[in-house]
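S.K.: Given next are the chains, with one letter for each unit.
2 protein chains.
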Amino acid sequence: MKFDNNKKTCLSKIDKSNKKTIDKSIFNLVQIINNLDNYYTTSSCSGRIVLFTGKKGNSGTIFQSHDPVSLKQVKQNIPNNKTVWFRQEPLILHIASRNLQSAEKLIKIGHKNGFKRTGIISLKKNLVEIRSDELINALIKDKDMCLQEQYLERLISYANKNMLLNLEKIKKLEHAFKKKEKK
Amino acid sequence: MKFDNNKKTCLSKIDKSNKKTIDKSIFNLVQIINNLDNYYTTSSCSGRIVLFTGKKGNSGTIFQSHDPVSLKQVKQNIPNNKTVWFRQEPLILHIASRNLQSAEKLIKIGHKNGFKRTGIISLKKNLVEIRSDELINALIKDKDMCLQEQYLERLISYANKNMLLNLEKIKKLEHAFKKKEKK
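Those protein sequence lines, which keep their order, are chains A and B.
Under my numbering, the residues of the first sequence are numbered 1 to 183, in order.
Under my numbering, the residues of the second sequence are numbered 1 to 183, in order.
These aren't lab readings, by the way, just hints derived from the structure by calculation.
The structure presented is a predicted model; accordingly, all values stated were derived computationally and were not measured.
Zero decoy hints are in this set.
Any copy, or any two copies together, can satisfy a pair, since identical chains are not distinguished.
Only pairs whose alpha carbons sit at most 30 Å apart, straight line, appear in this in silico BS3-like list of lysine-lysine: (1) K75 - K24; (2) K116 - K82; (3) K179 - K105; (4) K116 - K172; (5) K172 - K8; (6) K124 - K179; (7) K116 - K143; (8) K169 - K143; (9) K169 - K82; (10) K105 - K171; (11) K24 - K13; (12) K24 - K171; (13) K124 - K13; (14) K161 - K75; (15) K108 - K2; (16) K143 - K82; (17) K2 - K180.
This is chain A alone, in the form it adopts within the complex:
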């Protein structure tokens, strides 16, 4: 019963912020998972392209997009006199499971569908992180020094391709969860 109560509480929170926070390209996937008896999502990111300054992860995010980006968009958001990193991240999903057995099924679904970095990150809620390691993280500006524009263009083109591949993988996951639905 505890799981069902937690799910109810968590999903009522999610519903309130639906339009603002669940990225559109994983809206379906999240709905499918939350319709399953044994699971609910606690957080999600469909994949994104980020620019950040400084050394530490997300601390200095200056630009973020959940869709492919243009050279213009990126250039507009590069500040002067700062070190800037360009990062493209794939889907990340956190899913609470009713029990260990259901968590284990998620690990298998993740690994089978190319999300190699899937694992249980907390046993409290049998919380599974679904994730792959196809990441771009490239220095595009170091203080006074800027990347050649043509080069930046190529990098962005690879990142955009990754974003599309990521969408395909999201569709694969949808299929895998739909199969579970039918069982």
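Chain A is fixed; fit chain B onto it per the hints.
M.R.: Showing chain B alone in chain A's frame:
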């Protein structure tokens, strides 16, 4: 008893290949873990700098170093007419645990010491992956187009700094496991 037998089998294999395969900067850490009753390592990488061609992960590795690298080393290993990615990866450790409870302790140790991506990746051997997400993955050559040398130098300098930070984190992990040893 099954765990102890598995551990014995696995470690006898490791011992045979010790000199060749366990990276020197995690030799101590691996020994400390394997001396604990409830754990043994099944695979490990201390962190590395890799050059690879093509789109897919490790498929086209053309250079690999577990130590900081020089501009000269990198330049020597960039082939003509190929797309080359420069990747710096942190420590990755796979540890089998006696039971779920001991696996859970590993997750806590990982998260507490900055290995944010730590999780149970298989329940068969209560296998925990200890991993962080501080990764560099940058395009340094795209067919005919090459990154400015000065730029490549900066990128390498950041990667080398990361390798040193990674070593510090390995030391932190050693401490955490030593504490467990004393308990």
